[in-house]
Amino acid sequence: MQVVLPRIGTVAAWRAEARRLAAAGVLPETVLWSVGEAAPDLFAASPAPRAASVAFRLPRVAVESIETALMHADPERFARAYVLVLRLARQEAIWGDRSDPALHRLLEQEKAVRRDIHQMHGFVRFREVTPPGANRRAFAAWFEPAHHILEAAAPFFARRFGDMDWLIATPTLTARFEAGELEILETANRATPPVDATEDLWRVYFANIFNPARLMVNAMTSHMPRKTWKNLPEAALIPDLIRTAPERVAAMRAAEAAAPGPKLQRRLRAISAQREGR
Amino acid sequence: MAPRTLSEKLALLADAAKYDASCASSGGERRQSRDGSGLGSSGGAGICHAWAPDGRCISLLKILLTNFCIYDCAYCINRASSGVARARFTVDEVVTLTVEFYRRNYIEGLFLSSGILRSPDETMAEMVRVARTLREREHFRGYIHLKTIPDAAPELIAAAGKWADRLSINVELPTETALTRLAPEKSLRTIHGAMAEVKARGEAAKDCTARGTRAPRFAPAGQSTQMIIGADPATDGQILRRSARLYGDFALRRVYYSAFSPIPDAARTLPLIRPPLMREHRLYQADWLMRNYGFAADEITPETAMLDLEIDPKLAWALAHRALFPLDLNRAPRELLLRVPGLGPRSVARILAARRYRSLRYEDLKAIGCVIGKAEPFISLPGWSPRALPDAENLRARFAPPPEQLSLF
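These protein sequence lines are chains D and F, in that order.
Note that this note's numbering has the first sequence beginning at 1, numbered continuously upward.
Note that this note's numbering has the second sequence beginning at 1, numbered continuously upward.
Hints listed in this document are in silico derivations from the structure and should not be mistaken for laboratory results.
Do not rely on the hints blindly, as some may be mistaken.
[Unchecked claim] Here are the simulated PhoX-like pairs of lysine-lysine, each with C-alpha atoms no more than 25 Å apart in a straight line:
{"hint": "1", "chain 1": "F", "residue 1": "K162", "chain 2": "F", "residue 2": "K206"}
{"hint": "2", "chain 1": "F", "residue 1": "K366", "chain 2": "D", "residue 2": "K111"}
{"hint": "3", "chain 1": "F", "residue 1": "K199", "chain 2": "F", "residue 2": "K162"}
{"hint": "4", "chain 1": "F", "residue 1": "K374", "chain 2": "D", "residue 2": "K111"}
{"hint": "5", "chain 1": "D", "residue 1": "K111", "chain 2": "D", "residue 2": "K227"}
{"hint": "6", "chain 1": "F", "residue 1": "K186", "chain 2": "F", "residue 2": "K199"}
Please model the entire structure based on the sequences and the hints provided.
Right under this line is the structure:
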């Protein structure tokens, strides 16, 4: 049997399908899950064997974890989650038992998805695209998440940027927030938004908040892996900042504090006069 | 001299602010702007928006209002006698930078500090004006951290707490002797006085009177401080005892440690060494043990001693208390489990939860998420016994890195 889930609302559709299939006693090995278009199923015609009907009630934490893990890029995630909920319903597996390999993998995938969502909240970079005469400012971003997280990650931006219109396009889906309404659409436009002049100021900040005397490249890349760099306007500066750091530090060490010049001496005199007058 | 552009000011005043270690943006009030009545949200976990090649996260726009300063603190790049180029932002410039960076999702908010221009009160008043403009005119609901000037008037500290999420007052140096020598205009009494003021107002804002009236809102994310490490001869033992007192006396959320780092145009009285990054790292680990693992400063290191740079302070404690180990993972109480190297609060919680249903075996450790190689010599459970390992002379060598790997560079 073939189940085709929609690209938008995938997780909710999976939940409804999984309940329906379980109630009908459909065996996991007979279900072929896919998203978007159906792949040709060679065995679609063969009649599927059935088992006893299963109705499941899972604890809330379990539902949350499973639904989060279902955003993972792993193509087997729907099939694996269906097997797992059947095992949980029949009490062949116990929620929270991390020594169960299937559960352990699911929890690891949940963790990866949560990390990806958190990363998206940090790494989206908006560019201003306000049309002339508009009464709300408008911003757009292109972002490439590792997992299918846009729907779960978008409400954060709606809570944060409530007074502006914004759009975040990813290779598959786009989140659009206009006049206070959040919508998820299929991505139509794959062009990155036009350059925004404020990015230059941001790069000035990035270059100057960096302390060359504490160069620790691995600590940076462990949090901000190279694959995220191409959509970060500041990342283009990184190679040069790393390359010039040692010479900048050497220069600071070599240059002992100069004796105060005439201008500085004047200022120091003024400061001490002011302090004595207080 | 031609007036500086916004970009030039930003370069100078970000460069001048980078020696402050704090970048926290978590905690405090939950706020949002989903209904379009403002900009920003906060509360919950902090978000890092970028990492610089120094491995530090960029969460807040961390800048100085001005780097003109009438004080002459030897360790500071902005001291009066330093030859660095000077600049000064207007209130509106800081507000605009914060809002425009925030709208593009570069930052969680603002961390504003300042050199002392003319007088502490005047400077503090201008910083408060920035925070107030952000909140009142821009309806900004992101995070604001204000560096408080200890000598500023109490009304100004109250006003700062009304608009900011967090206040901080730097103790700067671990001992009073060093403070007197290196920061002649600052005094420990004033610094502690201001911290006590912040603590008292914070507590008042949380209480209701019997009639239900409330004191005004005050810095819901609390206060923090910073100490410079390596600019004076204080030992790690002294530093940790100082931190323990600060946590106790002033209810600080965090003490930050900042390895003294060579600065342009440094004062001649100071060591222009490589910043002691490993020492700073060990101090953070020890601080973590005091806050989350139930260690007292006295247990971590004697007052006159330094932390071991080669192994972490928890492992050092375990090696010094070998008689306690191995611990039976199926019986040991939480306080002792937390003392096992390789086990953290989360793995300890998982062990306690699993123990309610069944006995743990060695094979379960991986799923529990502890660092097995580190914990092995100190634990016993079905499937594993360290036998003579805890007594072995070479146990330290098992963990200490070979000498050539010591440097962080």
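Each hint, compared with the structure:
For the suggested pair K162 of chain F and K206 of chain F, the alpha carbons sit about 13 Å apart, so the restraint of at most 25 Å is met. At roughly 16 Å between alpha-carbon atoms, K366 of chain F and K111 of chain D fall within 25 Å of each other, so this suggested pair holds. Restraint check for K199 of chain F and K162 of chain F: the C-alpha separation of about 14 Å stays at or below 25 Å, so the hint holds. Simply put, K374 of chain F and K111 of chain D have alpha-carbon atoms about 24 Å apart, close enough for the 25 Å limit, and the pair holds.
With a C-alpha separation of about 19 Å, the suggested pairing of K111 of chain D with K227 of chain D holds against the 25 Å cut-off. With a C-alpha separation of about 20 Å, the suggested pairing of K186 of chain F with K199 of chain F holds against the 25 Å cut-off.
Checked against the numbered hints listed earlier, the structure breaks none of them; every hint is satisfied.
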